[in-house]
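Asks: Respectively, the protein sequence lines represent chains A and B. Everything in the first sequence is counted per the working numbering, starting at 1 for the first residue and increasing by one. Everything in the second sequence is counted per the working numbering, starting at 1 for the first residue and increasing by one.
It is worth saying that the hints were derived from the structure and are not from the lab. Given the structure is predicted, the values throughout are model-derived calculations rather than measurements. One or more hints might be untrue.
Unchecked claim - From the derived model, a few chain A residues whose C-beta atoms are all more than 12 Å from chain B: (1) 60; (2) 109; (3) 161; (4) 204; (5) 279; (6) 280; (7) 284.
Unchecked claim - Listed below are the simulated SDA-like cross-link pairs for lysine to any residue, each with C-alpha atoms no more than 20 Å apart in a straight line: (8) 191/A - 111/A; (9) 73/A - 130/B; (10) 73/A - 69/B; (11) 73/A - 137/B; (12) 131/B - 255/A; (13) 12/B - 40/B; (14) 67/B - 111/A.
We treat Cβ as the ideally placed atom computed from N, Cα and C, and that holds for glycine.
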Amino acid sequence: MLEFTSYKDICDNTPLGIIVLDRVKKIHYWNEWLENMTTIRAENAIGKALCDLYPDFCHNRFNWAVDYVIANKSPQILSQALNHFVLPISIRSRGRHGLPVMQQYVQIFPMNGKNGEMHAIVFIQDVTESVIRSSEYAELMQKLREDSFRDPLTGIFNRRFMWDWLLLQLKRNEREKKPLACMMLDLDHFKRINDTYGHEKGDEVLKSFVEVTRRCLRNSDVFVRYGGEEFVAFLPDNELLQGIHTAQRVRESIAASGLASFKPGEITCSIGVSSWNYDNPCTGEDLLRNADKHLYKAKNNGRNQVVPVL
Amino acid sequence: MKLTESQLDTLKEISNIGVSRAATQLSTLLNDEIVMRVPEIYFLPVDEAVRLMPEYENVSVVYQDLKGDFSGRAHLVFHNDESRLLVHALIGTAFTQGSEDMRRLYETETMMEIGNIVISTCISTFANLLKNEIVLTTPTYTELHVSKLFDRWPEDTVSMIIETTLCASKRDVTGTLLIMLTIGSAKNLLIRIADFCQNIE
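Next up, chain B with everything else stripped away, as it sits in the complex (with noise of 0.2 Å):
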């Protein structure tokens, strides 16, 4: 399933307007100007999609599964040294004291609802511009090895690739959301853009 230039564009356009939006809600609760934008987008199936992802060892995943108009999961993915980097540019390092195991339930807690934010504001975005409904069910928080978060799903699976830079006061730091639709879902997103872009003109 290949996208024209101009899909692409559609699709890294709404994902801007999705992160900008997950960004303003994160300066908020944060009390910090952050900035999201996304650099790069990637539409593929899911065994190209895990050559093009970062080669990490260990990631910090958040993802929420994906129901409705859509089907699939949503992912946030952080490299595990961006994601502590992360927590502590937007956190500072009050949260470092303590135990190991201590430091990581912050580190969990933080990056969850991060995740949850970025995740539901994109795919809202998602959702309403395209005129769709998708819902989506409870954060999960999680690491693992980056080739895990491919391994279950079907050969026909598109990927979604979307980078993500989050520039905070303290520091930028990059992560990946990765969506992942099943082949029908996928379908279904190409004939939405198209309507969408229709519509535009």
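Isolated chain A (complex conformation) (with noise of 0.2 Å):
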């Protein structure tokens, strides 16, 4: 069997701080872990209590538990979710998280002591790294979703999120008897430009006729890629009416804006807009299919147009 030195070295080389309070929370034992993790020595901890060793310690909930430990022998734990930590051990080299301060997972035990004194034993594990790696899991997680919805190109919102948010908006729509336009957008002689000057200057084009027609827009509107240079505007809470104002300033903005180096006029745009109300039902691939209509109606009467269904 293998002989230890004593009690104190496995708790010395224990990867948790391990503290010992009495009654008065007097830190009787203090490991190398925490030596090691807060700088402060265990001949300095040891006879002190903990407000000693940081000035602002006050941690109500760490205290009641002491003293609930010792009054009654049960144990109890803190944990991370909701106490964050229990010690402000700082973390020293700071990763791109930011956290200032080790986050904690506290168990406290009852101990006696020699005398038959009753004490607290308090083990403290750091869990700074699941934390981390749960928000960064997180932030990655919202990141996937958002980008599942998005045009990469352009970075407005894509077909597949249009389909799923003009369910819930027509839905919407019916119970509060509020009307919806929407705008189908279409790039004129996009095509040529492709053909004579190249795709990277068509993603150029398409991505500053997006930043042109974002401003016409409100922030509640939401502005979709359809596919290639076709666009798609909801206006919630819009009559037809005010859709085709919007797409006039769409198509004048368009029309005045000298797009990726283009002089202005030289780059247009034709607009279809149709709407749905309460009156006037329609489902969300007629709402769209009528737009679209109206679109091809602009292009043939001679492009840079908003046409309407009236």
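Starting from two chains that each stand alone, build the complex the way the hints lay out.
Replies: This is the structure:
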């Protein structure tokens, strides 16, 4: 059997913080792990209270738990989820997570002292890594979720998002008896731009088209890349007439802007406008089909114009 | 084993003191005003107790074993959905981000500490007022079918069902404190209650 020098050696080699406190919360033991983590030597900790070592230490839950353990000889746990930490141990090399203090899971058990006096033995487990991992994971998941709804080139919503959103929105409109205007937008002669100047230039045009159009929309409007150079914008709470006004504003802004270093007027767009209202409802598919049909009327009429469903 | 009205009243009174002490601790911990009440209490054989429990499919349970002058087990039982609501009500919805596994981990940790506080304050209130020594083991968290809570106990086990309502500022959550006592412990409890009532008189 392996012989240990003492129990102190075992405690000092344990990857946990171990503190023994008496009834008045005076420290009787402070292990090596704590010395390393806090830079407070055992000889400077023993005989003192935690508030002597950390002047701001005032942890009501911890103090109550220690009193409870000593009075009732039963354990207490302090979760990271509810307490974050007990001892304010600074993290020396802060990573990109920016957590300034070690996150801790703390367990307190009763322990009989030599003279029969009850003590509390406190075990402090460093759970910072798992907290960071879980928050990084949460961020990653959130980002993945968002990415799956976004068009990678322009950053606006994609078609997948649109169908989910539209279904819920139409239900909301029905419940609240509110209207919804829909514009379908298409860049005029985009194929020609792509063929003449290359796809890179084409991408640049798409990005600046989105930028300019976005400035004409409200934050509550939903702007979607429908595919290629075709876009859809939904304007909640807007009747057809308001939709036509917004569409005109977009068309004028595009024509007046020099998109991707083209001269103003060189790049234009055509827009079809449809709408949903409580007295004259339709499906999401019909709403889009109507806007699309009128977009093609705008194209056939000579482009750079708005044609609404009248 | 039947209890008189006045014995039941005493048990209810002690439980109320216990849960209100737990509420004080939870209020400090969560920085929210938490009130806990005991609307109803039952003291009956284990096979009758199972019928009195809400017919939940799955429950979230924190339990600690009792040792010392009483032996048995104290559980804090919440319906799975209620425990989720409780965690929501107490610490907000920040924890709902992330994967299902993480959410459960967070919930488990939170429930375990809340269970630990509620069980230990209630049991120590019983122990102190009835002048007994009851020692608890470390808390354990589990999720299971409600009937499983009653499975492993001998027939003569006595169950104390303490209904508890926890009112946080955002919502009220109902749970049950279920205490299993060996027959010897249950008899001891009744003697202690009789002594306690006599001392008050």
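Asks: Decide, hint by hint, whether the structure agrees.
Replies: Cross-check of the supplied hints:
{"no.": "1", "hint": "60", "in the structure": "violated (5 Å)"}
{"no.": "2", "hint": "109", "in the structure": "violated (8 Å)"}
{"no.": "3", "hint": "161", "in the structure": "holds (19 Å)"}
{"no.": "4", "hint": "204", "in the structure": "holds (36 Å)"}
{"no.": "5", "hint": "279", "in the structure": "holds (38 Å)"}
{"no.": "6", "hint": "280", "in the structure": "holds (39 Å)"}
{"no.": "7", "hint": "284", "in the structure": "holds (29 Å)"}
{"no.": "8", "hint": "191/A - 111/A", "in the structure": "violated (80 Å)"}
{"no.": "9", "hint": "73/A - 130/B", "in the structure": "holds (16 Å)"}
{"no.": "10", "hint": "73/A - 69/B", "in the structure": "holds (13 Å)"}
{"no.": "11", "hint": "73/A - 137/B", "in the structure": "holds (10 Å)"}
{"no.": "12", "hint": "131/B - 255/A", "in the structure": "violated (88 Å)"}
{"no.": "13", "hint": "12/B - 40/B", "in the structure": "holds (7 Å)"}
{"no.": "14", "hint": "67/B - 111/A", "in the structure": "holds (16 Å)"}
Hint compliance for this structure: hints 1, 2, 8 and 12 are not met, and every other hint is.
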